[in-house]
Amino acid sequence: MTRKQKRLAIIGGGVSFIIAAVLLVMFAFSQAVAYFYVPGDLAKAHLAPGTRIRLGGLVEAGSVKRGDGMTVSFSVTDTLDRVPVTYTGILPDLFREGQGVVAEGAFVAGSPVFVADTVLAKHDETYMPKDVADRLKAQGVSLGGKENIQ
Amino acid sequence: MIIELGHYALVLALGVSVLQAIMPVFGAARGDRALMEIGTVAAKATFLLVALSFGVLTYAHVTSDFSVQNVWENSHSQIPLIYKFSGVWGNHEGSMLLWMLILTFFSALVAVFGHNLPDTLKANVLAVQAWIASAFSLFILLTSNPFNRLVDVPGEGRDLNPVLQDIGLAIHPPLLYLGYVGFSVCFSFAVAALIEGRIDAAWARWVRPWTLAAWTCLTAGIAMGSYWAYYELGWGGWWFWDPVENASFIPWLAGTALLHSALVMEKREALKIWTVLLAILTFSMSLLGTFLVRSGVLTSVHAFATDPTRGVFILVILILFIGGAFSLFAFRAAHLKAGGLFAPISREGALVLNNLILTTAAATVLTGTLYPLVLEALTGAKISVGAPFFNMTFGLLMLPLLLAVPFGPLLAWKRGDLLGAGQRLFAAVAIGLVAGCAIYYAQHGGPVMALAGLVLGAYMIAGSLTELFLRSGIGKVAGSVAVRRLAGLPRSVFGTALAHIGLGVTLIGIVAVTAFETEHIVEMKPGMTADAGGYTLRFDGLRDGKGPNYTEQSGHFSVMRAGVIVTEMWSSKRLYTARRMPTTEAGIKTFGLSQLYVSLGDGMADGGVVVRIWWKPLILCIWGGALVMMMGGAVSLSDRRLRIGAPSRARKQKRPVLEPAQ
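If you read the sequences in order, they're chains A and B.
Under the UniProt record's numbering, the first sequence has 40 at position 40, and the numbering climbs by one with no breaks.
Under the UniProt record's numbering, the second sequence has 538 at position 538, and the numbering climbs by one with no breaks.
Calculated from the structure, these hints are not laboratory results.
Given the structure is predicted, the values throughout are model-derived calculations rather than measurements.
We treat Cβ as the ideally placed atom computed from N, Cα and C, and that holds for glycine.
Check before you lean on any hint, since a few could be wrong.
[Unchecked claim] What the simulated footprint calls covered on chain A by chain B, stretch by stretch (three residues with Cβ under 8 angstroms from a Cβ of chain B suffice, anywhere in the stretch; the number is not a length):
hint, segment
1, 19-33
2, 80-90
3, 103-117
Just chain A, same shape as in the assembly (with noise of 0.2 angstroms):
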């Protein structure tokens, strides 16, 4: 290969590869990430069922029911809207009532359950997550208190 050939191969190599890597990532912004709501987003939001979201707000005061076996149902709330969700499995240390918190998950056709695989309540007695906070606040919501993210 001559001098010429051997710096185009490199170089054309290294386009494509980047290319093609930016052509993965724009695929995977596509398909993998998911979209942050509050309860009062939702109706405008027109989500196809199924659609992978993270669902943040307030645990509402008194509706966190033990079901059968290891599914917890609770609503979520961001004071003016509320959104019954269902999640099987083990709630983080720092759920409760009147708390902050993060669900992952999807609502399922037709119901408007919100199924939950993932719970997040963060590591501190006084954490909000901060998209809820930005959210509720927005919402005119009054959090009380000092706001200590961590």
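Start from chain A and add chain B according to the hints.
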């Protein structure tokens, strides 16, 4: 009084840093030895001052001096002594001070061990280090001062976050920072080379040990953090693609690329401009990571508290350093002479492929990490980019690299023989197939993809050993000759082989856990049993207990095999009294390379308790592989060729350099 001494030492450190940032550059430009020597002295002095300051903060924590706001917020008189020590960096201010300590530690190392460097290069490197040190000490003093006092001294502290009350906090952050911040030296070398406008193979030889040291520590830090999250959080996961994990992983990927490209530059004088760019990029990623973690733009366990001024301050530092370095690069890169040519199929070609894939993968992880932030800033939409995204992109992109790893060392410099290398790797492929199938069979089948992954991992291990076999001539020459040849191989050859083997081991661990792990969530009452990984767990009941600063309910489990009790496990729910914060302590038992993992859930009304039980096959391979990679790094670092650098000339220069300082 002692506290004020620490504060004062930090202010003084800033002053000395500024001196160190300016004088040596002028000295280097004018060829003035005395001015250049200021850098060496100042670097040592700054380190001692920051160390004193850090010592004072440690003293405040250990003696529970609650008049210091930082101690009051993050400590408690009742916590065990070890957490009083590690609590020093278990908070924003303290961890920034640790960052500074390690930065100045590396500057001091350059000052002490850099006597074989050309005077001007050393002076410029120390000056660039001091620019970083000045910026960060200013940041600490203005926005994150750990020495702030409280007027009304509280009687008791607010306790260290219970999640951080673990031996992991004592080890993980210092190791991570040693890696993260260690790359500052590479950055400084790159910027210094750009200032001088001169760069050669010797430069690469000087940079390589620093890169290796930082890379080894970063590998350790990331692995340690992963294991810590695994056992402490009680979720059974070992990697979450959490933005903060990514923030440490991106510099690791870039640093790994740098390690390899510096090799090409050292041996063949090729890829000069790229290596300089990569050195800048790697530390830029470290800075970006610091920004992401410390500014509070991300919601994470690691973001201790949010204060907008801090975010803006670090952002300014980030822009100044990254922007400055890249401008300098754009200005000077054209002056750097390009080096040797090589065929696409050659050792250089393989290392270019390595760099291409690693940097593309790093860019992908970076994109996934920053995309939600950018999207939110632009459109207000909030998304979470999690494991599915990264598995799809990063996993797929890394695949060709893993396949190519054993080929690299077998190809000759300049012009390699791919077919020949392939033939020599034939045995490795065969071993990979057999070993992969054996593990697959031992795990009673599973997804076919898992088989492919296991074969790939075993092939990488065997392929990396092939290099050692071939170079020592095992099987071709008499045994004693082969052993002598093997012992005579340069340490860096062993280092390479070990690092690549480690990667294979980690891959096997990842594949095995992903494909074969079993998870059960069951409600258990005393006496009930559950099966996992060939063992039977019997729940024996709950017991109340009390620690120094928490109360706990722990569940006792008997682990049985074929009806015989082999061992017992405990998993508990703790309530830390000071913060009223509950945590879960997972019960973990190791069987060979696999682990049984039990995590206690909520108690039920009828006296039962929800229990989550995992069988994690070969999970220890994940961190074991990282350990082997670190050994590879350490062995390479001990290579004579790296230690001595440019020997005779430098030693003659040493004396006249020292004289003016006396």
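Taking the hints in turn, this is what the structure says about them:
Interface restraint, the segment 19-33 of chain A with chain B: holds (9 residues with C-beta to C-beta distance below 8 angstroms; minimum three). Figure legend: the segment 80-90 of chain A, annotated as covered by chain B; annotation consistent (3 residues with Cβ-Cβ distances under 8 angstroms, at least 3 required). Interface restraint, the segment 103-117 of chain A with chain B: violated (1 residues with C-beta to C-beta distance below 8 angstroms; minimum three).
Checked against the numbered hints above, the structure breaks only hint 3 and satisfies the rest.
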